[in-house]
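Throw the hints in and build the complete structure from the sequences for me.
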Amino acid sequence: MDLASIMYLAVTFGLFVIFALIVGNTYKRKNKQKKEAPKYRMMDDD
Amino acid sequence: MGKPQYHTDIVKSFVNWSLVWGVVAVLVGVIVSFQMINPDLNYPPYFTFGRLRPIHTNAGIYGWGVGTIFAMFIYMVQRLCKTPLWSLGLARFQLWLFNATIIAAAVTLLLGYNTTLEYHEMEWPIDLMIVVLWVVFSINIIMTIIKRKEEQMYISLWYMMAALIGVAILFTVNALAVPVSAFKSYSIFAGTNSANVQWWFGHNAVAMALTAPPLAMFYYFLPKSTGVPIYSHRLSIIAFWSLIFMYLWTGAHHLLWTPIPDWIQTLAMAFSIMLIAPSWGSVINGYMSMKGQWHQMRDNYLVKFLILGITFYGLQTLQGPMQAIRTFSAFIHYTDWVPGHIHMGTMGWVSLVSVAGIYFLLPRIYGREVYSIPLANLHFWLVVIGQLIWSTSMWISGILQAGMWNAMNADGSLTYTFTETMVEMYPYWWIRAIGGVIYLIGILVFIYNVYMTVQKGKEPAPKLLEVEGRA
Amino acid sequence: MWEKKPILLMLMATAAILVGTTITMILPFVWVNTEADRIEGVTPYTPLEQEGRDIYMREGCNNCHTQTVRPLVAEVLRYGDYSKSGEFVYDRPFLWGSKRTGPDLARLGGKYPDAWHYQHMETPRSIFPKTNMPAYGWLSNNALKPDKVRRKMQVLGFPHSEAQIAELATKNEMDAIIAYMQKLGSDIPWRQTGRTEIVGELRNPFSGADQTTLAGWRPLYQSNCSACHGTNMEGGIGPELVGDYYDEETLFRIIYDGIAAGGMPAYANLGSERVWQLVNLIKYDQSTGD
Numbered sequence: 001m002d003l004a005s006i007m008y009l010a011v012t013f014g015l016f017v018i019f020a021l022i023v024g025n026t027y028k029r030k031n032k033q034k035k036e037a038p039k040y041r042m043m044d045d046d
Numbered sequence: 047m048g049k050p051q052y053h054t055d056i057v058k059s060f061v062n063w064s065l066v067w068g069v070v071a072v073l074v075g076v077i078v079s080f081q082m083i084n085p086d087l088n089y090p091p092y093f094t095f096g097r098l099r100p101i102h103t104n105a106g107i108y109g110w111g112v113g114t115i116f117a118m119f120i121y122m123v124q125r126l127c128k129t130p131l132w133s134l135g136l137a138r139f140q141l142w143l144f145n146a147t148i149i150a151a152a153v154t155l156l157l158g159y160n161t162t163l164e165y166h167e168m169e170w171p172i173d174l175m176i177v178v179l180w181v182v183f184s185i186n187i188i189m190t191i192i193k194r195k196e197e198q199m200y201i202s203l204w205y206m207m208a209a210l211i212g213v214a215i216l217f218t219v220n221a222l223a224v225p226v227s228a229f230k231s232y233s234i235f236a237g238t239n240s241a242n243v244q245w246w247f248g249h250n251a252v253a254m255a256l257t258a259p260p261l262a263m264f265y266y267f268l269p270k271s272t273g274v275p276i277y278s279h280r281l282s283i284i285a286f287w288s289l290i291f292m293y294l295w296t297g298a299h300h301l302l303w304t305p306i307p308d309w310i311q312t313l314a315m316a317f318s319i320m321l322i323a324p325s326w327g328s329v330i331n332g333y334m335s336m337k338g339q340w341h342q343m344r345d346n347y348l349v350k351f352l353i354l355g356i357t358f359y360g361l362q363t364l365q366g367p368m369q370a371i372r373t374f375s376a377f378i379h380y381t382d383w384v385p386g387h388i389h390m391g392t393m394g395w396v397s398l399v400s401v402a403g404i405y406f407l408l409p410r411i412y413g414r415e416v417y418s419i420p421l422a423n424l425h426f427w428l429v430v431i432g433q434l435i436w437s438t439s440m441w442i443s444g445i446l447q448a449g450m451w452n453a454m455n456a457d458g459s460l461t462y463t464f465t466e467t468m469v470e471m472y473p474y475w476w477i478r479a480i481g482g483v484i485y486l487i488g489i490l491v492f493i494y495n496v497y498m499t500v501q502k503g504k505e506p507a508p509k510l511l512e513v514e515g516r517a
Numbered sequence: 518m519w520e521k522k523p524i525l526l527m528l529m530a531t532a533a534i535l536v537g538t539t540i541t542m543i544l545p546f547v548w549v550n551t552e553a554d555r556i557e558g559v560t561p562y563t564p565l566e567q568e569g570r571d572i573y574m575r576e577g578c579n580n581c582h583t584q585t586v587r588p589l590v591a592e593v594l595r596y597g598d599y600s601k602s603g604e605f606v607y608d609r610p611f612l613w614g615s616k617r618t619g620p621d622l623a624r625l626g627g628k629y630p631d632a633w634h635y636q637h638m639e640t641p642r643s644i645f646p647k648t649n650m651p652a653y654g655w656l657s658n659n660a661l662k663p664d665k666v667r668r669k670m671q672v673l674g675f676p677h678s679e680a681q682i683a684e685l686a687t688k689n690e691m692d693a694i695i696a697y698m699q700k701l702g703s704d705i706p707w708r709q710t711g712r713t714e715i716v717g718e719l720r721n722p723f724s725g726a727d728q729t730t731l732a733g734w735r736p737l738y739q740s741n742c743s744a745c746h747g748t749n750m751e752g753g754i755g756p757e758l759v760g761d762y763y764d765e766e767t768l769f770r771i772i773y774d775g776i777a778a779g780g781m782p783a784y785a786n787l788g789s790e791r792v793w794q795l796v797n798l799i800k801y802d803q804s805t806g807d
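Residue numbers (my numbering), protein chains in the order written: chain A, 1 to 46; chain B, 47 to 517; chain C, 518 to 807.
Source of the hints: derived by calculation from the structure; they are not laboratory data. Any given hint could be a false lead.
Derived DSSO-like pairs: lysine-lysine, alpha-carbon spacing no greater than 30 Å straight-line [to be verified]: (1) C:K522 - B:K49; (2) A:K34 - B:K270; (3) C:K521 - B:K49; (4) B:K337 - A:K34; (5) C:K616 - B:K230; (6) B:K337 - A:K28; (7) A:K35 - B:K230.
Partner residues aside, some chain B positions facing chain A, computed with beta carbon under 10 Å [unchecked claim]: (8) R125; (9) Y200; (10) I201; (11) Y265; (12) G273; (13) R280; (14) S282; (15) I283; (16) S288; (17) F291; (18) A376.
A few chain A residues facing chain B, derived, Cβ under 8 Å [what the hints assert, rightly or not]: (19) D2; (20) I22; (21) V23; (22) T26; (23) Y27; (24) R29; (25) K30; (26) P38; (27) K39; (28) Y40; (29) M42; (30) M43.
In this text, all values refer to a predicted model and were calculated from it rather than measured experimentally. Glycine residues also receive a C-beta, built at the ideal position from the N, C-alpha and C atoms.
Okay, here's the thing in structure tokens:
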């Protein structure tokens, strides 16, 4: 494998890790109520 | 606490003017579709296909598309922030400048002042007007958000802010040019660089002007129309950030097999495939919000527009990545297939969601019920059928065209001359033009319905009046 | 957190937007249009050619014509050598286009003689009977404005002489756009380097074909040759075709290779079988002129 391929893989993997962290953090079970609250707030009379 | 006094007159004006430019865009589109069938319909120097086609695209994007964005953002931002628009004066100036810009763009394009950069054909003085317009608009929206009374910013506001920033960056960079005279300039970018910058702009203008804003509308109008909240706030977080991160890598899928560096093409291809995920994040969020509510597809015409709209978005974001694959691009790029794709996005996705928004607004800004639901349904079927005829005919002709361009004899020679392949397109161009006419009739039904609502609509149910403060 | 702080959200969004932008839009400037891209022989446009290019842009020709040949078999056969980055360094902006309602023009330069272009622009259907190309004969009525062109050349920094500027006063917009089209893609000698060599002895595979067979090949003549050599081979832009003038082998080579100096395009992409059919038609069909 040449340098370009290794870089390519590294960047791909790095992006995936960041993505997994965001998903993990967003979907943390204990946050469910809090995280989903805004969708009800916008339904208020405006 | 009393209701804030929302500004609705300015929303009315933007809705009305965006409809005017929308009709112009579709009408010019129908005209150029007939010019492609019969070259004698070109009346030089002003009314030729080459000069009218940029007017069609730019009236569609900047007149109808951006005009609707102005109307909807100004409406939504006040409701979501529970506060009146930051500056009504600025918004009135914006309305004036908006129409001046669109008229100036149409006149200069007709005169042949054309940079040839697609969706950015206007020459530098018009570019300056557009920049001022966007800055004025952005300041007003952002200041309203900063002064908001509701701490939490709803999903729609994220997409709105991303669109404000994205369009500003994209448009300004692609506009960089050295003026020679009042209406002629040369881009500071040359050749391959110019191509790469243009399609970074071109593709992401679709992201920031024709994807993020309709998504902002969709996330707002769907729950408001069905009365049921969006399925998942968390899914929308993931979809939003992935979408605005990934889009910017994909411009070069418009340039596959051209002389731009290979690695840019490969990245564009990979990210285009990945974009399916965030796009479908929103589609799934829309569909799941309908759980237990599917009967509304029958009972509530607004839902019909919105759900068909998001369905076309879903199809669009599957077809797009497919086209971004090198082998597939080699076959269909430069053929009629591509306009078929684009028009599913503009006529299907963007316009269906925008008109749903307008139908939703009418009772709330005019204080009158929509004049006729049967007419709204007629409008729906005309535009959906018109668009399907339009796009399907172009997909078929695109494949036929590509097949003929690539056909080779046993001795390695080409089977068809270029003209022989063009002649085969005429029947499909007729079908396309008919699809366009049906679509235009649909728009006219819509405008009649809007006009009659304003003139003769019934007083709304008391609840609505109570809900809406009127400025 | 960011859902409650608009400035933070906008900063994060800007950052997200700038990653892909930096890598795929800004970074390429390091490699593109640099010395590594340079091609010997690629020259800036002359004042007449540049003005022609501006007319091409003004009329929106890019809406129907592309200017980039992809490295794909059928495409190289149809249009010529695939496009190279270094060929476009003087194009501000690029004119690669995105739709081929008409054919690609990247390799148009030198394909046809000027006379062909004048006739085609004036009445496209006289050459391609069913084309949807609009007529542009009206360009001949518009004079060029030398002072404006001088200013353009100065802004672009392209070399130009006062003689070239002065000459513009005698030209019209049609002359300019045709001069531009004749330059397209001809800065590199691809016609010479890409030419197919015919090796071995040439033998007419259709020797002695009867008149009915010959008649069956007339459509081939009509779609490829008649625009220049006349419906009945009586001549036009190109000369009258007289059957006895050349022997079979010479005629074959002329059609197959073209005569660059004489404005005769090469028809190698028809394949040798069809070129032989044309040779037989021109030499032995008795229904035509000679």
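Cut-off 8 Å, beta-carbon criterion: hint that M42 (chain A) touches chain B | This hint holds: M42 (chain A) lies near chain B, its Cβ roughly 4 Å from the closest one there, short of 8 Å.
Residue hint K39 (chain A), partner chain B, criterion CB-CB below 8 Å | holds (4 Å)
With a cut-off of 30 Å on the C-alpha distance, tell me whether K34 (chain A) and K270 (chain B) pass.
-> holds (21 Å)
Would you check whether T26 (chain A) satisfies its interface hint, that is, whether its CB is within less than 8 Å of any CB in chain B?
-> holds (5 Å)
Using 8 Å as the Cβ threshold, decide whether V23 (chain A) counts as touching chain B.
-> This interface hint holds because 6 Å falls under the 8 Å limit.
Proposed interface contact between Y265 (chain B) and chain A, which counts if any beta carbon pair is under 10 Å | holds (9 Å)
Interface hint status, Y27 (chain A) versus chain B (Cβ within 8 Å) | At about 6 Å, which falls below the 8 Å cut-off, the nearest Cβ of chain B leaves the hint on Y27 (chain A) intact, so it holds.
Status of the hint placing G273 (chain B) at chain A (closest C-beta pair under 10 Å) | Hint holds; G273 (chain B) Cβ to chain A Cβ min 8 Å, cut 10 Å.
Mind checking the alpha carbons of K521 (chain C) and K49 (chain B) for me, to see if they're no more than 30 Å apart?
-> holds (22 Å)
Cut-off 8 Å, beta-carbon criterion: hint that D2 (chain A) touches chain B | violated (13 Å)
K337 (chain B) paired with K28 (chain A) [C-alpha distance capped at 30 Å] | Holds, at roughly 24 Å.
Can the hint on K30 (chain A) be confirmed by a CB-to-CB distance to chain B that is less than 8 Å?
-> violated (13 Å)
Of the numbered hints given earlier, the model fails hints 7, 18, 19, 24, 25; all others are met.
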